[in-house]
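Residue numbers (the numbering used here), protein chains in the order written: chain A, 235 to 348; chain B, 5 to 116.
Read the hints as simulated data drawn from the structure, not as lab findings.
Built from N, CA and C at the ideal position, the CB exists for glycine as well.
Be a bit skeptical, because a hint or two may be false.
The calculated label-pair distances, taken between Cβ atoms and stated as ranges, are [as the list claims (entries may be wrong)]:
no. : chain 1 : residue 1 : chain 2 : residue 2 : range
1   : A       : Asn293    : B       : Met82     : 20 to 30 angstroms
2   : A       : Leu317    : B       : Gln13     : 40 to 50 angstroms
3   : A       : Thr287    : B       : Asp57     : 39 to 49 angstroms
4   : A       : Arg301    : B       : Ser113    : 37 to 47 angstroms
5   : A       : Phe294    : B       : Thr32     : 19 to 29 angstroms
Here are the simulated DMTMM-like pairs of lysine to aspartate or glutamate, each with C-alpha atoms no more than 20 angstroms apart in a straight line [unchecked claim]:
no. : chain 1 : residue 1 : chain 2 : residue 2
6   : B       : Lys108    : B       : Asp57
7   : B       : Lys46     : A       : Glu316
8   : B       : Lys62     : A       : Glu341
9   : B       : Lys61     : A       : Glu341
10  : B       : Lys62     : B       : Asp35
11  : B       : Lys46     : A       : Glu286
12  : B       : Lys115    : B       : Asp57
13  : B       : Lys108    : A       : Glu309
14  : B       : Lys108    : A       : Glu341
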Amino acid sequence: KAGVTQTPRYLIKTRGQQVTLSCSPISGHRSVSWYQQTPGQGLQFLFEYFSETQRNKGNFPGRFSGRQFSNSRSEMNVSTLELGDSALYLCASSPGGPLLGELFFGEGSRLTVL
Amino acid sequence: QQQVKQSPQSLIVQKGGIPIINCAYENTAFDYFPWYQQFPGKGPALLIAIRPDVSEKKEGRFTISFNKSAKQFSLHIMDSQPGDSATYFCAALGGSQGNLIFGKGTKLSVKP
């Protein structure tokens, strides 16, 4: 069974630009969660989608948004990039959501903002 | 209320030693406490998890100890090996909190 796939793995953007990151969950998993990982703050929750609906949202500004498609694939978008948005963005999938058990993480998309 | 505090930030032990990583939480509604292991260049992976109805859980060389009254839980790695060198994250979930809240991580280095 294929794991969680995130694309692109690495990207470099400049301040003010926008970026879209993609996540393909494990087949059959309907929940996709996104996390931002930085050395100083660790893993911080961005949002969770289940069956195309945002079910939970973390404490991030509106520049961070996401969506989920009918095939459970998910994208997150960051607009008007700031230097502080440089981070590893991790996607995690699960069959029914975090409340029901294990999250399976992808290897992440490493974003550098110059 | 929603934080999970993890210590130490980094830990170096010799092969065969027993590293211990501690976590504390405030929200008494939390009822699921997993530990995730992350190797460089990889995403975190579930290592072991516990619910508050038990005080200890073992899986191989990994043990979680849970103290409900103190709102603390810890990870012990028996007979640690260089291959255990990774970053370890504790987390908590439950009540109205529908997403995992992670500690800031402990970077473990096991010297040969």
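Indices of hints not satisfied (ascending): Hint check: 1, 2, 3, 6, 7, 8, 9, 11, 12, 13 fail, others pass.
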